[in-house]
Amino acid sequence: VVSWTSLVSLYCKLGKLAEAQQLFAKIPSRDVISWTAMIAGYVHQGCTEEAYALFCKMQQEGVKPDKVTLLSVLGACTNPKALQRGKEIHALITKAGFESDVRLGNALISMYAKCGSIPCARQVFDKMPEKDIISWTAVMNLYCKCGSVLEAHQIFARMPKRDVVAWNAMISGYARLKRGEKALELFHQMERENAVPDSVTFTSALNACASIASLEKGKEIHSQVVKAGFGTYSFVQNALVDMYTKCGKLATARELFDRIVDRDVVTWNAMILGYAQNKQGKEALVLYERMVTEGVKPDRVTFIAVLLACRNEGLMEDRRRYFTSMRQDHGIKPT
RNA sequence: UAGGAUGUGUUCAGGC
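Mapped onto this note's numbering, the consecutive letters of the first sequence carry residue numbers 21 to 355.
These are calculated hints, taken from the structure and not from any lab test. Every residue, glycine too, gets a C-beta built ideally from N, C-alpha and C. The reader is advised that the hints may include incorrect statements.
[Said to hold, decoys possible] Simulated pairs of lysine-lysine, BS3-like, Cα-Cα distance not exceeding 30 angstroms:
id, residue 1, residue 2
1, LYS134, LYS198
2, LYS115, LYS84
3, LYS151, LYS165
4, LYS202, LYS239
5, LYS317, LYS36
6, LYS299, LYS317
7, LYS33, LYS134
8, LYS353, LYS299
9, LYS101, LYS147
10, LYS198, LYS147
11, LYS77, LYS101
12, LYS181, LYS202
13, LYS202, LYS134
14, LYS87, LYS134
15, LYS269, LYS302
16, LYS36, LYS134
17, LYS198, LYS302
18, LYS115, LYS77
19, LYS115, LYS101
20, LYS247, LYS302
21, LYS46, LYS77
22, LYS87, LYS36
23, LYS36, LYS46
[Claimed, not checked] Restraint ranges, calculated between C-beta atoms of paired labels, are given here:
id, residue 1, residue 2, range
24, GLN209, VAL281, 29 to 39 angstroms
25, GLU150, GLU275, 48 to 58 angstroms
26, GLU69, GLU201, 36 to 46 angstroms
27, ALA248, GLU337, 46 to 56 angstroms
Generate coordinates for the entire structure from the input sequences, incorporating the hints supplied.
The following block contains the structure:
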């Protein structure tokens, strides 16, 4: 059983779910660990239906889930439609007497957050006998995501300890709501408290600059980014391109864009949108054509950017053409 | 000693 399970896990990690499933089916005497490995594999690949089905089958066959199994299967509840499922798993956790487990508690908070049930998440948090930094950050982020940044900040202020992830969550929470000044204020407070910013911090800080079109702050953070050695991180690069376009500095953005070696769809979108939003629709369309030529697959955001560019230029004919092409050549539907 | 996980980040038009 041991070696079989190891193999299943290995295949799952390689993303070879079909092979893993075949092996799993052949295991002579599957134990709870084998089941968990397979369930976790499905969850990891985003196959939540399969994961949950397997979890049910496991119980039908009389195998009792342990903490690890429950933790893994909670990851299969990622949207409001899965709330009922999540609640059932919650009940199982309670029934098994695992209620006070910190990691299960954290996973429950995160599950309820993803399923959109803030009161349930909060209740789990409040009832946790022991909370760690992850519990605090999870519940804080939940308030950020639903727009209650005030509530989030209160939680942040009450946190017994803060690590870089907690700071990042709070900074990005403000940045997301276009509260750039507040986000940057926190960024500087973070520096004063000698917390070390990472690439996520810088991405959020750049986002904050973009949200208030602050070129001055943006440039300052740009230089910090380079000094800290994050200048080649793709998330950071994309955020830089976006920041410069939002500040109206298209030439600077374009210089950066041209120097980026591994441009992904987000890089292209940011630059195309930059042109489109700055009344340079023609340039946007030229860039779009190049994107397609280079074999980068456009997505929904590209679609929006291209249509915006056409509209701004009054190119109604082209607009129709792109509209059709997007649907037929790229399989993108307007939303 | 075989299996596990939980918190943060980049691009988003218009309409309603």
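To test your reading of the hints: which numbers does this structure violate? Result: hints 10 and 20 break, sorted rising.
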